Amino acid sequence: MAGNENGSGNGAGPGKHRKFATRLLHFGGEIDKTTGAASVPIYQASTFHHFSLDNPPEYDYTRSGNPTRQALEDYIAELEGGARGFAFASGMAAISAAFMLLSAGDHVICTEDVYGGTYRLLTTIMNRMNVETTFVDMTDFEAVKVALKPNTKAVFMETPSNPTLKITDIAEITEWAKSHQLLTMLDNTFMTPYHQRPLELGVDLVLHSATKFLGGHSDVLAGLAVTADDSLGLRMKQIQNGLGNVLGMQDSWLLIRGMKTLQARMEFSEKGARRLAEWLSSHPAVEKVYYPGLEGHPRREIHEKQSQGYGAVVSFDVGSEERAKQLLGKVTIPLVAVSLGAVESILSYPAKMSHAAMPKEVRHERGIGDGLLRYSVGLEDIEDIIADLEQALR
Numbered sequence: 001m002a003g004n005e006n007g008s009g010n011g012a013g014p015g016k017h018r019k020f021a022t023r024l025l026h027f028g029g030e031i032d033k034t035t036g037a038a039s040v041p042i043y044q045a046s047t048f049h050h051f052s053l054d055n056p057p058e059y060d061y062t063r064s065g066n067p068t069r070q071a072l073e074d075y076i077a078e079l080e081g082g083a084r085g086f087a088f089a090s091g092m093a094a095i096s097a098a099f100m101l102l103s104a105g106d107h108v109i110c111t112e113d114v115y116g117g118t119y120r121l122l123t124t125i126m127n128r129m130n131v132e133t134t135f136v137d138m139t140d141f142e143a144v145k146v147a148l149k150p151n152t153k154a155v156f157m158e159t160p161s162n163p164t165l166k167i168t169d170i171a172e173i174t175e176w177a178k179s180h181q182l183l184t185m186l187d188n189t190f191m192t193p194y195h196q197r198p199l200e201l202g203v204d205l206v207l208h209s210a211t212k213f214l215g216g217h218s219d220v221l222a223g224l225a226v227t228a229d230d231s232l233g234l235r236m237k238q239i240q241n242g243l244g245n246v247l248g249m250q251d252s253w254l255l256i257r258g259m260k261t262l263q264a265r266m267e268f269s270e271k272g273a274r275r276l277a278e279w280l281s282s283h284p285a286v287e288k289v290y291y292p293g294l295e296g297h298p299r300r301e302i303h304e305k306q307s308q309g310y311g312a313v314v315s316f317d318v319g320s321e322e323r324a325k326q327l328l329g330k331v332t333i334p335l336v337a338v339s340l341g342a343v344e345s346i347l348s349y350p351a352k353m354s355h356a357a358m359p360k361e362v363r364h365e366r367g368i369g370d371g372l373l374r375y376s377v378g379l380e381d382i383e384d385i386i387a388d389l390e391q392a393l394r
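In this text, residue positions in the sequence shown follow this note's numbering: the first is 1, and each later residue adds one.
None of these hints come from the bench; they were simulated from the model. These numbers were taken from a predicted model, which means no experiment stands behind them. Glycine included, every Cβ here is placed at the ideal spot set by N, Cα and C. Be a bit skeptical, because a hint or two may be false.
[What the hints assert, rightly or not] In silico DSS-like cross-links for lysine-lysine, where the CA-CA straight-line distance does not exceed 25 angstroms:
(1) K237 <-> K288
(2) K360 <-> K325
(3) K237 <-> K271
(4) K19 <-> K260
(5) K288 <-> K260
(6) K237 <-> K153
(7) K145 <-> K178
(8) K305 <-> K145
(9) K352 <-> K330
(10) K19 <-> K305
(11) K178 <-> K149
[Stated by the list, open to error] Ranges between beta-carbon positions, derived for each pair:
(12) E361 <-> R128: 18 to 24 angstroms
(13) S46 <-> K330: 36 to 42 angstroms
(14) E322 <-> H180: 43 to 49 angstroms
Please build the complete structure, drawing on both the sequences and the hints.
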């Protein structure tokens with residue numbers, strides 16, 4: 001597995017050859033050029049004065065552009081090694097904007113155990129726009145190839161998938177997609193650019209629910225997108241400006257602040273997640289554990305080829321809805337809540353939370369059973385987390 005510290009990318013920022021930890025703090029917009037302030041100012045303005053009609057200003061209306069949001073957008077583009085970044089009002093707003101690149105009559109191939117919100121968008125909204133979706137197990141390359149239709153225009157990947165943490169071979173899928181002139185999109189929420197940089201593997205568009213690990217503090221709702229080239233960036237800009245689903249200035253500032261500690265948080269949480277996954281694997285009350293860092297995890301070698309870490313999310317199955325609910329009622333450390341990737345641990349029940357939009361039979365077909373729980377490891381001491389789970393499992 002590649003080392004976490006190299007952090008190489010294609011970004012055009014001043015520190016593109018520096019290590020990732022340095023680039024998190026020195027990303028090109030960390031010092032205000034006007035005042036020297038050590039924090040990006042919050043430009044709380046909806047509109048901007050035109051000093052000359054013959055020479056319009058860089059910013060004229062905040063829906064189209066705002067200096068605080070622009071600093072964030074440049075920041076994520078630098079970290080992902082992309083051409084242009086975009087900040088949206090939520091992760092689903094970013095994903096929805098990405099699917100607006102498609103037109104009526106188009107077809108998309110999508111990871112089958114994708115986040116429930118993405119499933120809901122594709123099956124209840126995009127289908128009404130006459131955009132068709134085929135959900136496939138992307139660990140089966142032959143199934144992906146069979147899903148190709150004459151009207152297929154895009155492939156949407158999520159790896160590791162949510163919540164069963166299946167691994168898609170990113171380079172394999174993108175190489176095949178390019179041979180058929182398909183747009184490739186990837187949800188990189190779980191790994192973040194610290195662990196995984198899909199653009200370097202040929203992906204066209206990377207997406208994040210920045211509410212999660214990038215923000216990291218359960219206090220901001222945001223989505224980010226990064227394009228591999230300027231041409232696709234121009235199209236995304238038109239969509240962002242046309243839809244108007246942009247991130248506000250305060251939240252842009254909060255997200256910048258949260259992202260500065262990304263590496264430190266991810267390293268600590270991942271260390272705990274690996275310990276937790278190993279402990280759960282040996283517990284008699286746990287039927288199955290899903291974590292890419294475990295020796296027996298399917299396609300672990302592919303994950304290690306394309307990622308620089310295993311992440312901080314561990315899913316495990318306790319066998320039934322009744323046992324899952326008992327555990328949720330007894331834990332005392334994690335938030336029992338929707339979401340993940342925060343400084344505090346969050347324990348979720350996908351069947352009733354993140355994947356509630358999926359019909360039960362569809363969930364079961366995709367391995368999301370009634371006893372499945374998803375633990376996002378925070379910054380608490382891992383031995384306290386384990387002791388808490390031990391008493392809850394008893």
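Hints and how they fare:
The suggested pairing of K237 with K288 is violated, with an alpha-carbon distance near 43 angstroms, which exceeds 25 angstroms. Pair hint K360 plus K325 holds up; C-alpha atoms about 17 angstroms apart against a cutoff of 25 angstroms. For the hint linking K237 to K271, the alpha-carbon distance of about 38 angstroms lies beyond 25 angstroms, and the restraint is violated. Our distance criterion of 25 angstroms between C-alpha atoms is met by K19 and K260, whose separation comes to about 14 angstroms.
A threshold of 25 angstroms between alpha carbons decides the hint, and for K288 with K260 the separation of about 35 angstroms lies outside it, so the pair is violated. Proposed proximity of K237 and K153 is supported: the alpha carbons are some 20 angstroms apart, at most 25 angstroms. Taken as a hint, the K145 and K178 pair is honoured in the structure, with Cα atoms around 13 angstroms apart against an allowance of 25 angstroms. Pair hint K305 plus K145 holds up; C-alpha atoms about 22 angstroms apart against a cutoff of 25 angstroms.
A distance of roughly 18 angstroms separates the Cα atoms of K352 and K330; the hinted pair therefore holds under the 25 angstroms criterion. For a cut-off of 25 angstroms, the pair hint linking K19 to K305 stands: about 19 angstroms separates their Cα positions. In summary, the hint linking K178 to K149 is supported, as the alpha carbons are separated by about 15 angstroms, within the 25 angstroms threshold. Checked against the hint of 18 to 24 angstroms, the pair E361 and R128 passes, with Cβ atoms roughly 22 angstroms apart.
At about 48 angstroms, the beta-carbon gap between S46 and K330 misses the expected band of 36 to 42 angstroms. A hinted range of 43 to 49 angstroms for the beta carbons of E322 and H180 is consistent with their spacing of about 46 angstroms.
Of the numbered hints stated above, those contradicted by the structure are hints 1, 3, 5 and 13, listed in ascending order.
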